[in-house]
Every structure is written in C-alpha cells, then in structure tokens.
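K.L.:
Chains as they are written, first to last, in the UniProt record's numbering: chain G, 1 to 187; chain H, 1 to 187; chain Z, 1 to 187; chain B, 1 to 187.
Think of the hints as simulated: they come from the structure by calculation, not from any bench.
Model, not experiment: these values are computed from the prediction.
Any given hint could turn out to be false.
Said to hold, decoys possible - Cut-off 20 Å, straight-line C-alpha distance, at most; resulting in silico cross-link-like pairs (SDA-like, lysine to any residue):
no.	chain 1	residue 1	chain 2	residue 2
1	H	Lys43	H	Gln72
2	B	Lys114	G	Gln110
3	G	Lys164	H	Gly112
4	Z	Lys40	Z	Pro30
As the list claims (entries may be wrong) - Anything over 12 Å on all C-beta distances counts as not near chain H; from chain B, calculated:
no.	residue
5	Lys23
6	Arg34
7	Lys37
8	Glu41
9	Gln45
10	Asp65
11	Gly73
12	Asp87
13	Lys93
14	Ser105
15	Gln110
16	Asn185
As the list claims (entries may be wrong) - Only some residues are given here: those of chain Z computed to face chain G with a beta carbon under 10 Å:
no.	residue
17	Gln72
18	Asp88
19	Phe90
20	Gln103
Ideal Cβ placement from N, Cα and C applies to all residues, glycine included.
Protein chains: 4
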Amino acid sequence: MGKDTALIIIDMINKMDFDGGDKLLENSLPVAERLHKFKKEFKKQGFPVIYVNDNFGLWQDNVSDLLKECKQGRGKPIVERMIPDEDDYFIIKPKHSGFFGTQLSILLDQLGIKNLILTGVAGDICVIFTANDAYMREFNLWVPVDGTASEYNDDNENALRIMKRSLFARTEPLNNNKWQDIFNNPE
Amino acid sequence: MGKDTALIIIDMINKMDFDGGDKLLENSLPVAERLHKFKKEFKKQGFPVIYVNDNFGLWQDNVSDLLKECKQGRGKPIVERMIPDEDDYFIIKPKHSGFFGTQLSILLDQLGIKNLILTGVAGDICVIFTANDAYMREFNLWVPVDGTASEYNDDNENALRIMKRSLFARTEPLNNNKWQDIFNNPE
Amino acid sequence: MGKDTALIIIDMINKMDFDGGDKLLENSLPVAERLHKFKKEFKKQGFPVIYVNDNFGLWQDNVSDLLKECKQGRGKPIVERMIPDEDDYFIIKPKHSGFFGTQLSILLDQLGIKNLILTGVAGDICVIFTANDAYMREFNLWVPVDGTASEYNDDNENALRIMKRSLFARTEPLNNNKWQDIFNNPE
Amino acid sequence: MGKDTALIIIDMINKMDFDGGDKLLENSLPVAERLHKFKKEFKKQGFPVIYVNDNFGLWQDNVSDLLKECKQGRGKPIVERMIPDEDDYFIIKPKHSGFFGTQLSILLDQLGIKNLILTGVAGDICVIFTANDAYMREFNLWVPVDGTASEYNDDNENALRIMKRSLFARTEPLNNNKWQDIFNNPE
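Please model the complete structure; the sequences and the hints are all you need to start from.
P.N.:
Encoded structure:
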C-alpha cells in the first residue's frame with residue numbers, strides 16, 4: 001500500500017440529538033476510541049486523513065462553526081475525541097453521500113488516492129451510501145467492521161454485508177497487524 | 001397522487017449470465033410477472049414508465065442493440081416479459097445507481113416527477129443505491145416489497161430494511177388496492 | 001420577482017496575486033463598489049446572498065481561513081469591501097464552475113431559488129462557466145454588464161455576449177430602477 | 001501522444017431546423033468535410049472516436065432513432081457525411097455540456113483518455129461548455145480552429161479565444177502535419 005490510501009471519517013463531528021441519537025452515541029463511543037488510535041498511527045506513516053461531515057444545517061462552509069455547534073450537542077464526548085488536526089482535510093457534505101455536492105472527488109484525484117478506508121457513522125446510512133459512490137468511481141474499499149456504528153447493531157451488520165457483497169469492500173477490523181496488505185491482496 | 005409519479009424499472013433487461021445469475025433469475029421471474037401487470041394498469045392511468053438499465057458494456061447508447069444482446073442471455077424470459085413499449089422512456093446507466101452518468105435526473109425534472117416507484121433488480125445493489133440517489137434529490141420513494149429481487153432473499157430483505165429506515169421508503173406490495181394513497185399519506 | 005431570486009457573488013474574496021491579477025484588480029474595484037451597494041439594497045428586501053468562492057488551495061472548508069488568506073494578497077481592498085455578513089451563505093468551490101464539486105445546487109433547491117443574479121470575477125472564466133451550469137439546471141440568469149470584470153475588457157464583453165446568446169442571460173446594469181422586472185419580463 | 005487521446009464530435013448529427021440553423025449549416029459544411037477526413041486518419045492509427053450528441057427531445061437512448069430523425073431535417077448533408085461507424089462510441093446528451101447527464105466521464109476513464117480533441121457545433125454553445133467541463137476534470141484540450149463552427153463567425157472566434165485563455169486549449173488547425181505533438185508540447 002503506497003500513499004494512495006486515505007482514511008475517511010464520516011459524521012463523527014455530530015450533535016447526535018436526533019431520535020435514536022442516544023443509541024448511536026453508545027455504539028459510537030468505542031469506535032471513536034479505536035479511530036483516534038488508528039488515525040494517529042496512520043498519520044505517522046504519512047497518509048492523509050479526510051473528515052467528511054454533515055453540515056448540520058450550516059450553509060457557511062465553516063469548520064470552526066461546525067465544531068462549536070456540535071460540541072453543544074449530545075455528541076460532545078465523541079467530538080472532543082475526534083477533533084481534526086490542522087493538517088487534516090475537512091469536507092462538509094449536505095446529504096448522505098460524501099460525494100454528493102462536495103469537493104471530495106476532486107480532492108481525492110489531486111491527492112492521487114486509489115484506496116479508501118471508510119469509517120464513522122452511521123454504517124447503515126452515510127457510510128454505506130458514501131461507499132457506493134466511492135465504488136462507482138473505482139476506489140478500492142476497506143470498511144473496518146469495528147470502525148463504523150449504527151443505531152442498531154443488526155442494521156450495521158446488514159450494511160456491512162451489502163458493502164461486502166455489492167461493493168467488494170473488505171471488512172477486516174482496524175486493529176490488525178497487516179492492514180497494509182488489505183489493498184495489495186484483493187480476495 | 002397526481003401525474004407526478006413515475007415507475008422506474010431497474011435492470012430487468014438483463015443477460016443474467018454472471019455468477020449467481022441463475023438464483024437472481026429464479027427470484028426475478030415472479031417479479032417480472034407482477035411488474036408486467038402493474039405497469040399495464042399504471043400506464044392506463046397516464047403515468048410515465050422509465051426503464052433504467054445497465055449498458056452491459058455497450059457504449060453506443062442504443063436500446064435496440066441492448067435488447068438484442070440481452071435476449072441471448074439467461075435472462076431471456078424476463079426480457080421478453082418486460083419489452084419496453086415505444087412510449088416508455090429508456091435510460092442506459094453505466095454503474096450501480098440510475099442517477100450516475102445518466103440523464104435520469106434531467107428527465108424527471110422535465111416530467112415534473114416528485115414520487116418514484118422503484119422496482120427491478122438487484123434489490124441489494126442497483127435498487128438500493130438508485131434509491132439513495134433519489135432520496136438525496138428529494139424524491140419520495142415507494143419500493144414495493146414484491147417488486148424487487150436479489151440473488152439471496154435475506155439480502156433483499158436487508159436492503160429493503162435499510163431503504164425503509166435510512167431513506168424513508170414505503171414498501172407496501174404492488175398489488176394493493178390503495179397504492180395511489182401511498183405518496184399522499186406519509187407515515 | 002418573488003423571493004425566488006438570489007445574488008451570487010463569485011470569487012471576489014481573491015488574492016489576485018496571479019499573472020494579470022493587477023489588471024483584474026483594477027477592473028474589479030468599481031465592480032466591488034457597485035456590488036457592495038446593490039447587495040445592501042437587495043438584502044433589505046429579504047433576498048439571499050450567496051458567495052461562491054475559489055478555495056485558493058485550502059481544503060479545509062473554512063471561510064475564516066479563506067478570508068484571512070485573501071486579505072494578505074493584492075485583492076485586499078476588494079476583500080474588505082466584500083466581507084460576507086453572518087447571514088450570507090458561503091460556498092467554497094474548487095474549480096471554475098460554482099456548481100462543480102459544491103453544495104450550491106442543493107442550497108438553491110432548499111431556498112426555492114429560480115432566478116440568479118450572477119456577479120463577480122472573472123467574467124470570462126468562473127462567471128461564464130457558472131452561468132452555463134446554472135442554465136443547464138433551468139435557472140433564469142441576469143449577469144449585469146457592470147457587475148462582472150475580467151482581466152481584459154474585450155474578453156469580458158465577449159463572455160457577456162456568449163452568455164446572452166447561448167444562455168439567454170439578461171445583462172442590464174445593476175443600477176437600474178426596474179431590476180425587479182428583469183425576471184418577470186423575459187425578452 | 002499515446003492512445004490516451006480521443007476525438008470528440010459534438011452535435012454534428014443535427015436537424016439544424018432552429019432559427020439561424022441555415023447559417024450554422026453553411027458554416028458547418030466545410031467543418032464536416034475536414035472532420036470526415038481527419039477522423040479517417042485518426043482511426044487508422046487506432047484512436048477512439050466519441051460522438052457526443054444532443055438528444056433532440058428523444059428520451060429513449062437510441063442512436064438509430066436519432067440518426068433517422070436528424071436525416072429528416074436541414075442538417076441532412078452533414079449527418080450523411082458524419083454517420084458514425086459501428087465501432088465509434090455514441091453518447092447522447094440532454095444539455096449543452098457533453099458531461100452533464102451523460103456517461104462521457106466514465107467512458108473516458110475506462111478508455112484511459114487524458115487528451116481531448118473537441119470538434120463540432122456550435123463553438124459558442126456546446127463546444128465551449130463541454131470544453132470547460134473537460135478542463136475541470138483535468139483533460140488537456142485541443143479545439144482545432146477549423147474543426148468547429150457557430151452561427152456567426154465572430155462568436156466562434158470569441159469562444160475559441162475564451163477556451164484558449166481560460167481553459168488553456170490549443171487551437172491549431174486540423175490539417176497540420178504535427179498534430180501528434182500538440183499534447184506532448186504544452187505551450
């Protein structure tokens with residue numbers, strides 16, 4: 001795996017104050033821990049990290065406002081764990097898919113990215129639909145089984161199954177020793 | 001429900017000669033029967049029907065060639081049941097979603113469509129990902145539980161569940177007496 | 001003209017430190033004055049203002065950084081004249097067209113906009129190509145002859161002529177008494 | 001120049017029975033002759049040819065119908081000169097730009113194309129706006145000065161000037177001996 005791999009973190013900057021947000025929060029907390037750790041290792045090796053995040057109704061493309069807004073919601077502990085570094089990319093998305101109405105596709109081209117590690121929430125909403133848009137644009141996908149969460153665990157598993165079967169996504173867990181081989185050895 | 005509703009028929013013009021195509025064919029045959037019947041009733045009432053169909057590697061936008069090609073495959077009995085009428089629209093798509101790299105969005109705008117009845121195959125691939133692209137463009141969705149099929153029934157049910165929860169799709173069966181009420185009475 | 005009209009301000013938050021930026025700056029200064037005045041009147045009447053602006057190589061969607069960056073360039077006097085208000089929308093674009101890789105289209109739909117007043121720089125680059133993307137999405141266009149500038153005046157006039165002929169854009173000047181009639185009375 | 005170059009022929013399959021179509025026809029006839037000749041040479045060397053053509057209100061993606069329809073219009077002599085070969089690609093477009101609502105982008109990716117020779121009509125409408133969409137997607141452009149036509153020659157020249165300045169398009173004529181060097185030697 002060269003530097004043509006990016007870590008995509010979806011909707012972890014999140015107010016979580018919708019119906020069912022408490023359950024999503026509960027399921028997301030351990031994901032945030034794991035992502036925090038993985039991200040650190042990943043960046044040490046020089047790979048780019050791209051946040052792709054809902055605009056939460058803010059239509060000034062302004063990350064600082066978004067962070068402030070989301071810290072005031074139920075999602076605060078996760079926001080604090082996942083604060084983007086200054087050298088992380090941050091793309092604001094208005095809809096489910098990270099590619100719809102955003103500059104994600106253009107950024108990935110400029111960075112020469114071929115492989116995406118898709119993580120974040122919710123597995124059965126924004127992750128799965130971002131995954132398909134990535135697949136249609138010919139990216140190789142790894143959606144770590146322990147790197148996403150949904151309101152219901154069953155739904156998260158269903159979404160993973162569909163991504164595996166329909167988009168040929170790999171789903172090995174984040175904390176495996178050989179993650180660098182995933183994109184080199186297609187099943 | 002006004003004339004702002006269209007029936008979308010996905011990938012039923014299909015060679016089905018890929019791995020697992022035999023199972024998909026088996027599950028699709030009864031769907032073809034139901035769609036054939038529903039389409040007739042639907043058109044009698046003046047609603048538009050839009051085929052949205054894989055290009056099967058043909059890059060001349062030519063429906064006649066596509067029909068000929070697919071009749072030579074395993075999907076022949078379904079192709080014959082689903083032959084488009086001269087006044088049906090026919091959009092060729094190169095990837096999973098019917099909106100990606102096609103004129104579907106423009107056609108729907110020109111027709112003034114607000115509601116989509118999504119049908120066809122496979123439920124866990126092209127139907128679910130077309131559904132999300134439709135949802136992001138603010139269409140109301142009805143994905144009849146007996147109007148789609150996948151290679152495995154479990155996967156079809158999973159896909160329906162995700163479309164229901166994440167895209168607020170209705171899933172009542174095709175042959176109900178009150179389908180005209182579905183888009184008028186959001187749950 | 002109802003509230004279905006938006007003022008689009010293109011690339012006026014601009015470093016202008018590329019080749020030819022001095023000429024563009026010179027031609028843009030009077031445009032900034034006129035836009036500043038028009039914007040104030042326009043907002044008083046309750047219409048929305050949307051900045052659509054180059055990212056200048058910043059890939060964190062962060063307006064505050066962008067303003068800071070551009071104030072350090074040659075474009076400073078224009079940036080200061082055109083500082084967005086808190087209730088203005090601000091869309092960051094990565095390429096020539098304001099619709100390419102941005103949430104502009106989605107925002108305009110949500111606001112119920114049908115008519116666009118396109119202004120800013122450069123007339124023969126980002127304005128003309130944003131105009132075509134708007135036209136293809138069925139927006140009515142007014143590109144005020146004194147609301148855009150290019151490096152060369154000839155090129156600005158050529159661009160206006162093409163927008164007029166090929167996109168049916170109106171080009172009356174900003175400071176006319178009857179601008180509200182422009183979208184009501186197509187030529 | 002490797003095989004990463006494609007010849008794009010825009011809207012030459014054309015009824016030309018709109019206002020001003022007679023002038024466009026007159027200006028297009030010599031272009032058709034030159035394109036016919038160039039296309040033959042170009043294909044001999046193994047390069048792909050892609051027609052990108054208006055749908056003329058037909059929403060069944062069906063090239064054969066389109067050819068039939070256009071032969072009945074004023075554009076007949078050009079249609080007959082430009083009949084696509086069986087191995088030419090044919091993309092139907094619903095709007096000005098060849099990339100909007102079409103599979104052009106996906107096809108070019110699959111063919112590994114980096115350089116586009118843009119030709120056809122009208123220079124100040126579909127050619128210029130296709131050119132910008134190509135430029136935003138990082139293609140290198142050659143728009144031969146004698147390979148496009150518009151209703152008015154002045155407008156064609158203006159459009160070429162904008163493509164040259166704003167999109168860095170080369171504009172050497174078709175019949176030069178060294179066209180293969182154009183993409184190898186950026187100005």
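K.L.:
All hints are to be evaluated individually against the structure, with a verdict given for each.
P.N.:
Here is what the structure says about each hint:
no.: 1; hint: H:Lys43 / H:Gln72; verdict: 28 Å, violated
no.: 2; hint: B:Lys114 / G:Gln110; verdict: 15 Å, holds
no.: 3; hint: G:Lys164 / H:Gly112; verdict: 36 Å, violated
no.: 4; hint: Z:Lys40 / Z:Pro30; verdict: 16 Å, holds
no.: 5; hint: Lys23; verdict: 28 Å, holds
no.: 6; hint: Arg34; verdict: 24 Å, holds
no.: 7; hint: Lys37; verdict: 23 Å, holds
no.: 8; hint: Glu41; verdict: 22 Å, holds
no.: 9; hint: Gln45; verdict: 20 Å, holds
no.: 10; hint: Asp65; verdict: 9 Å, violated
no.: 11; hint: Gly73; verdict: 20 Å, holds
no.: 12; hint: Asp87; verdict: 9 Å, violated
no.: 13; hint: Lys93; verdict: 8 Å, violated
no.: 14; hint: Ser105; verdict: 7 Å, violated
no.: 15; hint: Gln110; verdict: 8 Å, violated
no.: 16; hint: Asn185; verdict: 31 Å, holds
no.: 17; hint: Gln72; verdict: 18 Å, violated
no.: 18; hint: Asp88; verdict: 8 Å, holds
no.: 19; hint: Phe90; verdict: 4 Å, holds
no.: 20; hint: Gln103; verdict: 4 Å, holds
Hints 1, 3, 10, 12, 13, 14, 15, 17 from the earlier list are contradicted by this structure; the remaining hints agree with it.
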